[in-house]
Each structure stands twice: as structure tokens, then as C-alpha cells.
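Could you build all of it, start to finish, from the sequences and the hints given here?
Those protein sequences? They're chains A and B, same order as listed. For the first sequence, this note's numbering assigns the number -2 to the initial residue and increments by one for each residue that follows. For the second sequence, this note's numbering assigns the number 158 to the initial residue and increments by one for each residue that follows.
Calculated directly from the structure, the hints in this document are not laboratory data. Model, not experiment: these values are computed from the prediction. Certain hints may be false.
Straight-line C-alpha distance at most 16 Å; calculated EDC-like pairs for lysine to aspartate or glutamate [claimed, not checked]:
{"id": "1", "chain 1": "B", "residue 1": "166", "chain 2": "B", "residue 2": "226"}
{"id": "2", "chain 1": "A", "residue 1": "242", "chain 2": "A", "residue 2": "70"}
{"id": "3", "chain 1": "A", "residue 1": "201", "chain 2": "B", "residue 2": "264"}
{"id": "4", "chain 1": "B", "residue 1": "371", "chain 2": "B", "residue 2": "184"}
{"id": "5", "chain 1": "B", "residue 1": "418", "chain 2": "B", "residue 2": "438"}
{"id": "6", "chain 1": "B", "residue 1": "237", "chain 2": "A", "residue 2": "200"}
{"id": "7", "chain 1": "B", "residue 1": "316", "chain 2": "B", "residue 2": "160"}
{"id": "8", "chain 1": "B", "residue 1": "371", "chain 2": "B", "residue 2": "395"}
{"id": "9", "chain 1": "B", "residue 1": "237", "chain 2": "A", "residue 2": "192"}
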Amino acid sequence: MGNIIRSKRFWLVAPAVVYIGFFMAVPLLQMAYVSMLERGDYGGVNWGVFSMDAYISFIFERDLMDNLVVNTDYLQIFARSFGLSAMTTVFALLLGFPTAFYISTQPQSRRNFLIFLVTIPFWTNILVRNYAWMLLLRNGGLIDGALNWMGIETGGLDVLYTPYAVSIGLTYTYLPFMVLPIYASLEKLDHRLVEAAFDLGADKRRAMSRVILPLAAPGIAAGCILVFIPCLGAYVTPELLGGGKFMMIANLIGSQFGAARNWPLGAGLGFVLLALVLISMMVYSFKFKSLPEESR
Amino acid sequence: MSEVVISAKSVGKTFGSGADKVTALDDVSVDIFQNEFFTMLGPSGCGKTTLLRLIGGFEQATSGQILLEGKALNDLPPYKRPINTVFQSYALFPHLTVRQNITFGLEMQGVARKQADDRAEEMLELVRLAQYGDRVPSQLSGGQQQRIALARALAPAPKVLLLDEPLSALDLKLRKEMQVELKRLQTETGITFVFVTHDQEEALAMSDRIAVMKSGEILQIGAPREIYEAPTHRFVADFIGDSNFLVGNLVDDGAGKRAVKLGGGQVIELTQDVSSQRSGEVTVSVRPERLGLVAENQAGANQLVGTVSTVIYFGTDTTYQIDLGNDALLTVRMQNGSGAKADFAQGERVGITMSPDSIRVLAD
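Here it is as C-alpha cells:
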């Protein structure tokens, strides 16, 4: 009986399994293969000629004497990407948690409307949204102009084409991914637990830190992951708001497949990124599992 | 009795406004004494939980005020009141261990970790779950969670403990056990318990005093025996235990005593002190087990006489329905003890014996 149900369930998910298996696993294997081939002189690869150059050149380069010397250019781009993504995640959390908390305290009918408002930016193309931010942030743009009009002499805001502009744009883009999971966990939160905390002498601040935050932790963790990881792979925002001056990982990878004509390096960089993300996720989930014991 | 701990003075509470306005409490005044097991009893929607939440500080009174040891509580938030609550759903913190749950309140008071842990052990001891400190609430049964909720609320040694239908989620056997347990805890700790329930049996078994509530008002306050044997309102007599209700006219029996004359002409004598101001139609109540049956030929003068219409055998006792005529029905419950008289059969004419002090004239 149970087997029949289980096998029927399998056929239900079979199309998804086939789709994901084929369109995710196959390209991934292809990329792994490409990353271990020799680069072709005019782009592409020399099929069948294996080489670990891609992974070696991530950290080293060959000098004129053909010796390997450490080259930190790529590492710097990775570090910058991780730093910028972390900064964006923190911004999104600082903005997103109060937003989600506020929405969760509203009456049911208004909550749905507010959640709908949070998702509205998704309706617009990401390029359009980033161009809009360029208009807002540029010198003499809307924000600069408003500040000058209010009598605050900026002498030009000088924010556009800086890492800050990129982070502002990324925060804006991924904020809903922070708000929604946190809201989901706060909405589930039993209000009587908060009352119990008050009852036992916790003021608002301590009810927040000792009861609400620990119980919303799964939502906060999910939100952080959902913001951090797409940030690492962001392409459009650093290109436009960073003015191409601040390359992030995705831009680097893109350039390897394009102008630099180094497919193996592009594929290899992709795999290094994948490995780093997987490792950080594992560390995170390990830490997160032990949270209840540590929260005291 | 000893001194007053909680005093509600003309407390009113309404929810909503305009056409949706609901009055949850209407001008309620009550004094609750030190070291008392005080129960608020009533059906759902009678305002008992609202009154409890007002005392706890989770709601604000619309009018009137609540005093704790003579000091007004009105604007004090829950966390500043030396009052703790056992919630209906227990509301244990799922992310903390049992011990951390119990020390939560102490920690908020700034009690040192070591002392708090000692106190937690003491509390676990008190609720007989000494080995469970390191578990998390989800690993406990409902009854155990209940005990931990009690331990958590008692740990900071509150002046008053509020209990919001804490036993309603337990099965019958466990509920009976916890009734005894609660009574024991109250006696051992000496803390004033304010208990809310809709279960009359629970209220009778545990309370020092009971306040019976209906539609946002307190109808009667008294010891369980008083509430059961001398109900003042039809609602009280009906809600607690079983009752017979008879309608008749208040009359003087000629000897300066008052009596009730039923529609069929029968007269029931009263020993209750009924105000001489009252006259006309009244309702009286009498408990089925306070009535007895005798064969008609043994019935004395002035005794009610009727016909047995139904006999239901319950093992320990038998319930008879007696038709008094004029649509008046009486339920009589007689114990089937060893000294029991002969059974009465359906259709038989019987006399009904009753002690006058078990007849209560009800208000309104």
C-alpha cells in the first residue's frame, strides 16, 4: 500500500526530476569539463586537450621567465564580491527585519496588501530599475538635487560608480527576498509567547532579543542566504551602478567568455564560486543547527 | 479573611466601537484575598478571561481600576507587575530548555545565574519533574508541559498567579490529577491563585471561593458549598450541577413564614429569609439529590404529590422524573444504597420529601 503511494508520488515529481537533472546537471558537467581543457587561441577550447591552467591562473600567473608568481587580482575581485554581498545582506537585514516586523503586526487584511507592495518592484525589468537608480544617484540627479535644494551643499554626491552605489542597488533589488521569509517566520510566531515573555518580566527590548529574534532566526537565515548568494552572482547592477570600474565575480566570468576569450578560466571561476558558496552554506547550516543551545 | 491582594473596582471593558462594540465586562467589582484559590467560572464569552487579562496587564480597562495591594495597576505594563500567568496553551518557549524556561523570569529580574538555576531545580522538584531540566518543551507530554508552565510562572515568586483554563487541553484522568496538584501547589507556595475555567466540577473541587460570571457580570461570589447549595440566580443553579426549577407565587403561610404556592395549589415552605418586599411570581430551585420519594399513602400533609413519569437507573443512583401536574416536572435523584427503599415504578403516585432549607428562591 505504502509502496504504491510512494511510487505514484514518484511519477508526480518525475518531470521535475528529469527537467532539473537534464538542464542543471548536464550544463554543470559540461562546465566542469570545459574548465579542465586548454583554451583555444580565438575563444572556445581545444577539445580533448586537458589542462589545469584555469585553476592555476586563479592564483598564479607566469612571469616573463615562465615562473609561477602569485597574482591576487582574481582573489581581490572575489574578496570584493564577498564583502559587497555581505554589506548588502546587512543593509537588507537592517531594512528588511523592521519592515517584516511591522507588517506582521498589522491586521490580516492590511498585511496582504503590504506584502503585495513589497513585491511590486519585481514587476519592472531589472535593467530599467538599475537605470532608474543611475538617475537617482548621479551628480545633479534627483537625490543630489534635492539635497542641494534643501541647502545641503553636496558639491556633487559622487556616489554613482562606487561600491556604495552597487550595494545600494543590490540592497534595493534583493530586499523583498529578505522581507518575505522573515515575514513568514514572524507571522507564524505565536503571539502568546511574546505575552509570556512580557508576563515573566521581559520589557520590549528583551522580548525582542530573547524570544522574537531567536524564533525568527530560521526566517532571518533564509533571508540572508537568499540575498547573499544572488548578490555574489550579480551582473547587471555592478555593470551599471559600478560603471564597470568595480568588477564583481559575475562580470569577471562574463569577460572571460567574452573579451578575454578564456573559456576554461571563466568556467573554473564559476566552479570556485560554487565551491565557496557551498562551503559557506555548510558552515552556516552547521552553526544554525546548534543555535537553540547557544541562544542562552 | 486576610488582606486584599487584588481589588477590581467598577471595571468595565469594551472591544471595538460603534455598531461592533462588544461589552466584555460591565462594572465588575471584586476583592481577591491573600493566599486564596479564587476561581472565575462561566461559559465562554462571559468575560472571565478578559478580567484575567486585565489583571495581568495584557488589556487596558475601559473604565474603573484594578488595585494590587491598594496601588492602582492601570498603566503598568505586564512586565512591571509582580503577577505571572499560566497560559491556556502553556506558551513555553520552544527554543529554550525546560530549565531556561523556568529561569527566564528570574533572569529578567536580574537574579544571578547560579541562584536562578538552584531555584529552577527547586521548582522542578515542586512540580515533580526533577530529571527534565535539560529537555526542550517539544519532548514533553501535555501534562508535563503544563507542570513546567506552572514551574515557570511560580519561579519568580509572584504575588498573584493567574491561570487561564490551564487544564482544558488535558484528558480527563490527567485533569483530575492536576486539580489535586494545583491545590497542593497553592497551599505549599501560599501564593494567591486566580483561576479561570468553564468547568464547574474543576471550580468546585479546587476553589476557596468562586465567582460565577455571565455576560460580563459577576452573578454570585461564594465558597463552593455556598454556590452549590444556595445559588442566588437561575443561571448559577443551572450552570453548576443539576437543578429543578419551579415557578409559583410568594405567599405568607399565616404563621409569619413565607411559602411558595405552585400553580397546582401545592405549597412549598421556605426557611430562606426572603425580603418582605418581594411578592408575586418567583422561581425556586432545588437540587435533585436533596429530594426523596415516599409512597403516596405515606405522604404527609402539605407534601408535594406527583406521578412517576420516567425512571433512569445509573448504577450508583436512580433518577426519577415526577409529573406534578400543570406542566411542572421534578427530577429526583436517589442513591441506590443498601438501605434504599423499594423502587418506584413508572405511573406510580408518590409523595416528595424535601428539607425546606434546600429550597432557594432565586433573584429575577
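How the hints compare with the structure:
1. B:166 / B:226: Distance ~13 Å between residue 166 of chain B and residue 226 of chain B Cα, so the pair holds.
2. A:242 / A:70: Given pair residue 242 of chain A, residue 70 of chain A holds - Cα atoms ~14 Å apart, limit 16 Å.
3. A:201 / B:264: Within the cut-off at roughly 15 Å; holds.
4. B:371 / B:184: Holds, because 13 Å separates the two Cα atoms, which is no more than 16 Å.
5. B:418 / B:438: 9 Å, holds
6. B:237 / A:200: Holds, at about 8 Å.
7. B:316 / B:160: 13 Å, holds
8. B:371 / B:395: Holds: residue 371 of chain B and residue 395 of chain B sit about 12 Å apart, inside 16 Å.
9. B:237 / A:192: It holds: about 13 Å lies between the C-alpha atoms, which stays within 16 Å.
Every hint from the earlier list agrees with this structure, and none is contradicted.
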